[in-house]
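J.: Each chain is listed here by its residues.
There are 4 protein chains.
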Amino acid sequence: MFQFPIFFDVLSPRKSRACASVQSMQAQNPEFREYVRKIFESARFISHLGIELTDIEAGTCGTRLTVRAEHAQQDGVVHAGVIATMADHTAGGSAGTLLRKGQRVLSVEFKMNYLRPAAATELRCNGTVLKAGRTLTIAESEVFAIRNGESKLAAKGTFTLAVLDG
Amino acid sequence: MFQFPIFFDVLSPRKSRACASVQSMQAQNPEFREYVRKIFESARFISHLGIELTDIEAGTCGTRLTVRAEHAQQDGVVHAGVIATMADHTAGGSAGTLLRKGQRVLSVEFKMNYLRPAAATELRCNGTVLKAGRTLTIAESEVFAIRNGESKLAAKGTFTLAVLDG
Amino acid sequence: MFQFPIFFDVLSPRKSRACASVQSMQAQNPEFREYVRKIFESARFISHLGIELTDIEAGTCGTRLTVRAEHAQQDGVVHAGVIATMADHTAGGSAGTLLRKGQRVLSVEFKMNYLRPAAATELRCNGTVLKAGRTLTIAESEVFAIRNGESKLAAKGTFTLAVLDG
Amino acid sequence: MFQFPIFFDVLSPRKSRACASVQSMQAQNPEFREYVRKIFESARFISHLGIELTDIEAGTCGTRLTVRAEHAQQDGVVHAGVIATMADHTAGGSAGTLLRKGQRVLSVEFKMNYLRPAAATELRCNGTVLKAGRTLTIAESEVFAIRNGESKLAAKGTFTLAVLDG
Numbered sequence: 044m045f046q047f048p049i050f051f052d053v054l055s056p057r058k059s060r061a062c063a064s065v066q067s068m069q070a071q072n073p074e075f076r077e078y079v080r081k082i083f084e085s086a087r088f089i090s091h092l093g094i095e096l097t098d099i100e101a102g103t104c105g106t107r108l109t110v111r112a113e114h115a116q117q118d119g120v121v122h123a124g125v126i127a128t129m130a131d132h133t134a135g136g137s138a139g140t141l142l143r144k145g146q147r148v149l150s151v152e153f154k155m156n157y158l159r160p161a162a163a164t165e166l167r168c169n170g171t172v173l174k175a176g177r178t179l180t181i182a183e184s185e186v187f188a189i190r191n192g193e194s195k196l197a198a199k200g201t202f203t204l205a206v207l208d209g
Numbered sequence: 044m045f046q047f048p049i050f051f052d053v054l055s056p057r058k059s060r061a062c063a064s065v066q067s068m069q070a071q072n073p074e075f076r077e078y079v080r081k082i083f084e085s086a087r088f089i090s091h092l093g094i095e096l097t098d099i100e101a102g103t104c105g106t107r108l109t110v111r112a113e114h115a116q117q118d119g120v121v122h123a124g125v126i127a128t129m130a131d132h133t134a135g136g137s138a139g140t141l142l143r144k145g146q147r148v149l150s151v152e153f154k155m156n157y158l159r160p161a162a163a164t165e166l167r168c169n170g171t172v173l174k175a176g177r178t179l180t181i182a183e184s185e186v187f188a189i190r191n192g193e194s195k196l197a198a199k200g201t202f203t204l205a206v207l208d209g
Numbered sequence: 044m045f046q047f048p049i050f051f052d053v054l055s056p057r058k059s060r061a062c063a064s065v066q067s068m069q070a071q072n073p074e075f076r077e078y079v080r081k082i083f084e085s086a087r088f089i090s091h092l093g094i095e096l097t098d099i100e101a102g103t104c105g106t107r108l109t110v111r112a113e114h115a116q117q118d119g120v121v122h123a124g125v126i127a128t129m130a131d132h133t134a135g136g137s138a139g140t141l142l143r144k145g146q147r148v149l150s151v152e153f154k155m156n157y158l159r160p161a162a163a164t165e166l167r168c169n170g171t172v173l174k175a176g177r178t179l180t181i182a183e184s185e186v187f188a189i190r191n192g193e194s195k196l197a198a199k200g201t202f203t204l205a206v207l208d209g
Numbered sequence: 044m045f046q047f048p049i050f051f052d053v054l055s056p057r058k059s060r061a062c063a064s065v066q067s068m069q070a071q072n073p074e075f076r077e078y079v080r081k082i083f084e085s086a087r088f089i090s091h092l093g094i095e096l097t098d099i100e101a102g103t104c105g106t107r108l109t110v111r112a113e114h115a116q117q118d119g120v121v122h123a124g125v126i127a128t129m130a131d132h133t134a135g136g137s138a139g140t141l142l143r144k145g146q147r148v149l150s151v152e153f154k155m156n157y158l159r160p161a162a163a164t165e166l167r168c169n170g171t172v173l174k175a176g177r178t179l180t181i182a183e184s185e186v187f188a189i190r191n192g193e194s195k196l197a198a199k200g201t202f203t204l205a206v207l208d209g
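Chains as they are written, first to last, in the working numbering: chain W, 44 to 209; chain F, 44 to 209; chain Y, 44 to 209; chain P, 44 to 209.
Because the hints were derived from the structure by calculation, they are not lab data.
Keep in mind that the hints are not guaranteed to be accurate.
Where chains are identical, the list cannot tell them apart; a pair therefore holds if satisfied intra-copy or between any two copies.
As the list claims (entries may be wrong) - Capping the alpha-carbon separation at 30 Å, the derived lysine-lysine pairs in DSSO-like fashion look like this: (1) 144 with 81; (2) 174 with 195; (3) 195 with 144.
Keep in mind the model is a prediction, meaning the values are calculated, not measured.
Hey, can you work out the whole structure from these sequences and the hints?
T.: Written out as structure tokens, the structure is:
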């Protein structure tokens, strides 16, 4: 009698756990790709760091960064602030894909967990919307440290973004 | 030349995004199920609320709760504190599956996001370890609100747990 | 030429640091005390746990809890979920003091840090508004563990609350 | 009969609330100022952004940043990532003041709340240790946006740092 959509199959949590919160998302603005590109092009700090947009789909956003000497903290690995910046902007990009024309988002809070020191030559980040609401959007970002062809989850964050009209 | 494990395929983030951080986890203690059951049985507050263990695998833990009148907040939905308690203990249970014999975990911090008001007759929660370290384990919990055979992601949290010897 | 209000004296951070964010807050609803009392009386889970309101001022709220056996986790100290519930509801109470008549607040996310195991016979909690906005209020809660006449900061949390009309 | 230290006077929460968690902190390393200076000098990303150390005391740290065009996000205000970087490194500096010789700290997680858009010519940040533990230190940072001689709390964050030997 119970009919669960496949990704919410909580009655057999063993199988579905990791993807439990995945839903297909619908873009409201047909020009959402142009809009997200603009969020990246017009943010001076993002281009200054060298963060590049690689992927835009409804509900998700991908970015990459070639690690430079100036991104390092005292022990040589990438500074937590670089990773937080990348995670924040990529989460914002994913939220941006689901806005209506004329709306914008603003980070109101976020939380980062650093799982491993990011000793890397390149970072990759995936942002995914968990819930797109009328006034608030919740998104997650995962940041991967890449070195010698190996990719490791270095950090994960959760972001609350305010949806503003104009 | 590049060989990425399937769930870390960051070069094609489109496909792997939602499951990017899933890794198979190895239990260190052959009696991990008994240990996790004990964490639930001996925690008075958990049995007092009615939170029941439904699922234990290496790296994950599942729980359920039949919602009672006393779990409500002022507007009738389940209190954020009930949901946080369930998410915290289930994350702790998932962390417990990966401990060595004699170790235990203690929540040092967590962050909850409430995605929807939990108007529900039942809650289900899945806890998953993101990273099991020597001294710290990072885990996530997703809490689903179930009503009339429908299940919705109501809240998600991230937990940092200290791994203690004895 | 520079005129800093006393609690924002960032030019001499040494003196003002701990109190840097304190501002006097103005209640908008003359009946804010009645309103906050109602938030506590009508929340079943709060009275079920035994959390009592002790203090209501514009921008702040105080609560207490006599620790009972059923509040314990597996190692005998108060469960992290009890502390989170108290911190959440007290932060909500502090946010409630600054609402206009007819508004209410709802937790959208929070983050708790547990500084010490709460081995206590009584808990006390203070909630304080950091920023009361039009649509979001940010508040903090500090939870103190009291035993043998000694009081120790056991946990601290930060709360984002949505301000809803009606 | 009850003797509470002045800053932990929870029996009269009205008076002490804002400063409830302030404790005097004891440095363990007589050269803690040199050590913290080194954390700032050797972190390439920090000097690259222009973040300067202004204040070091046992348990606290102060920094400043002259805002430049490259710190901006798309809407012209300072990027959330710049503020997070400053808050993180200043919290780390405050934690560094209480280490024993040879120890270092590493951010394991943090949470930022953005209270107001940081339209500013200068940022000031104060980091304060909440709890210095054997393996984990909890610290807070407040970031102030300064413009036209006015200073406003723009963001506040909580940081968990691992204490590492060597």
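J.: A separate judgement is required for each hint: does it hold in the structure or not?
T.: Hints, one by one, checked against the model:
Proximity of residue 144 and residue 81 under a CA criterion of 30 Å is satisfied intra-copy only: 13 Å inside one chain copy versus 41 Å between copies. With identical chains, the CA atoms of residue 174 and residue 195 are at most 30 Å apart both within one copy (26 Å) and between copies (11 Å). For the homomeric pair residue 195 and residue 144, the shortest alpha-carbon distance between copies (28 Å) is at most 30 Å, but the shortest distance inside one copy (36 Å) is not.
Violated hints for the displayed structure: none, as all numbered hints are satisfied.
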